[in-house]
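*Asks:* As they're listed, the protein sequences go chains S and D.
Letter by letter, the first sequence follows residues 3 to 121 in our numbering.
Letter by letter, the second sequence follows residues 32 to 163 in our numbering.
Don't read these hints as lab results, they were simulated from the structure.
All figures in this text were calculated on a predicted structure; none of them were measured in a lab.
Where a beta carbon is used, it is the ideal one built from N, C-alpha and C, also for glycine.
Check the hints yourself; a few may be wrong.
If you anchor each label on the Cβ, the simulated ranges turn out as follows [stated by the list, open to error]:
| no. | chain 1 | residue 1 | chain 2 | residue 2 | range |
| --- | --- | --- | --- | --- | --- |
| 1 | D | E148 | S | E13 | 14 to 24 Å |
| 2 | S | K21 | D | E48 | 47 to 57 Å |
| 3 | S | L89 | D | A58 | 34 to 44 Å |
| 4 | S | N62 | D | A58 | 32 to 42 Å |
| 5 | D | H147 | S | R59 | 20 to 30 Å |
| 6 | D | I129 | S | F68 | 28 to 38 Å |
| 7 | D | H83 | S | E57 | 20 to 30 Å |
| 8 | S | F68 | D | N78 | 45 to 55 Å |
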Amino acid sequence: MIQSGLLEIFEVFYEKLEKVWPIKSGQFCYVVTPYLNKIPQILEVTNFKLGGKFEGRIRNVRSNDFLPDSFPEPLKHFKFSLTERPLFMKAKKRPVIVISPTYLGYDLLTFLLINQENI
Amino acid sequence: MIWEVKLGIPIYSLESEEKRYSKIPQAVAVLANFLRVPQFFYCPPPNFVTRHVISGIARIDRMFLFYPQAPAIEPTELCLNSEVLNILLCIIEEWIGIGCEGKIREDFELLKKLLHEEFEEKVKDKIIPADQ
Numbered sequence: 003m004i005q006s007g008l009l010e011i012f013e014v015f016y017e018k019l020e021k022v023w024p025i026k027s028g029q030f031c032y033v034v035t036p037y038l039n040k041i042p043q044i045l046e047v048t049n050f051k052l053g054g055k056f057e058g059r060i061r062n063v064r065s066n067d068f069l070p071d072s073f074p075e076p077l078k079h080f081k082f083s084l085t086e087r088p089l090f091m092k093a094k095k096r097p098v099i100v101i102s103p104t105y106l107g108y109d110l111l112t113f114l115l116i117n118q119e120n121i
Numbered sequence: 032m033i034w035e036v037k038l039g040i041p042i043y044s045l046e047s048e049e050k051r052y053s054k055i056p057q058a059v060a061v062l063a064n065f066l067r068v069p070q071f072f073y074c075p076p077p078n079f080v081t082r083h084v085i086s087g088i089a090r091i092d093r094m095f096l097f098y099p100q101a102p103a104i105e106p107t108e109l110c111l112n113s114e115v116l117n118i119l120l121c122i123i124e125e126w127i128g129i130g131c132e133g134k135i136r137e138d139f140e141l142l143k144k145l146l147h148e149e150f151e152e153k154v155k156d157k158i159i160p161a162d163q
């Protein structure tokens, strides 16, 4: 990396915190970060009725997935309403720069709500 | 209640000699270091001894909201300097399209202009081949 640009201007790029809690703006944290999928995926569970065993696989959401009849038998004991299904999402603990939304105000939240992809 | 959530900007690591073609190229880090890529912010390795050696590209286009509570979050002792944080906030504001004003904003515009000029004069030819 060339020692120029921002690195040349800001010789002190980081500071070392004595206390890690409470979280402050600019602090680095490892946070569970979901992967972005254009098409949501669900965990499909098939019951083979072999001693209560069942098999699960991940697949893309279909248009009829949120109809009451599509709810699989092995997941019935989870408390979902008729229009709810469990989504499948991979996630990784990734380093993240934490920013308090108060710095940016309602404009930021409006932006995030309009662009659902980025949430 | 809504302000209890935090905004997270995930950091993606850069490619190295050992790990190529699966991470962000070094040339992108150089561009981000000169504020040439509006959605990227370069985070260099810390220059002091710490348990958490974090470096890479912070991707503003991948920012997300999260609830700051363990065990989903593991805080580190590493924190951006307040001046650098102001620069990052200006980059976020610009990328979102919030039209803010003030001294910090003016300084940021000046800094960006200086960095762009420096990039054109000294760095551009080294990372972008002449035929492109």
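*Asks:* Confirm or reject each hint.
*Replies:* Hints versus structure:
Our hint of 14 to 24 Å for D:E148 and S:E13 holds, since their Cβ atoms are close to 21 Å apart. Here the CB-CB span from S:K21 to D:E48 is close to 37 Å, at odds with the stated 47 to 57 Å. Checking the proposed 34 to 44 Å range against S:L89 and D:A58 shows it holds: the Cβ atoms sit about 36 Å from each other. The beta-carbon spacing between S:N62 and D:A58, approximately 35 Å, falls within the hinted interval of 32 to 42 Å.
The supplied range of 20 to 30 Å is broken by D:H147 and S:R59, whose beta-carbon atoms lie about 50 Å from each other. Range check, D:I129 to S:F68: about 36 Å between beta-carbon atoms, so the 28 to 38 Å window is met. For D:H83 and S:E57, the Cβ-Cβ distance of about 40 Å falls outside the hinted range of 20 to 30 Å, so the restraint is violated. For S:F68 and D:N78, the Cβ-Cβ distance of about 52 Å falls inside the hinted range of 45 to 55 Å, so the restraint holds.
Checked against the numbered hints given earlier, the structure breaks hints 2, 5 and 7 and satisfies all the rest.
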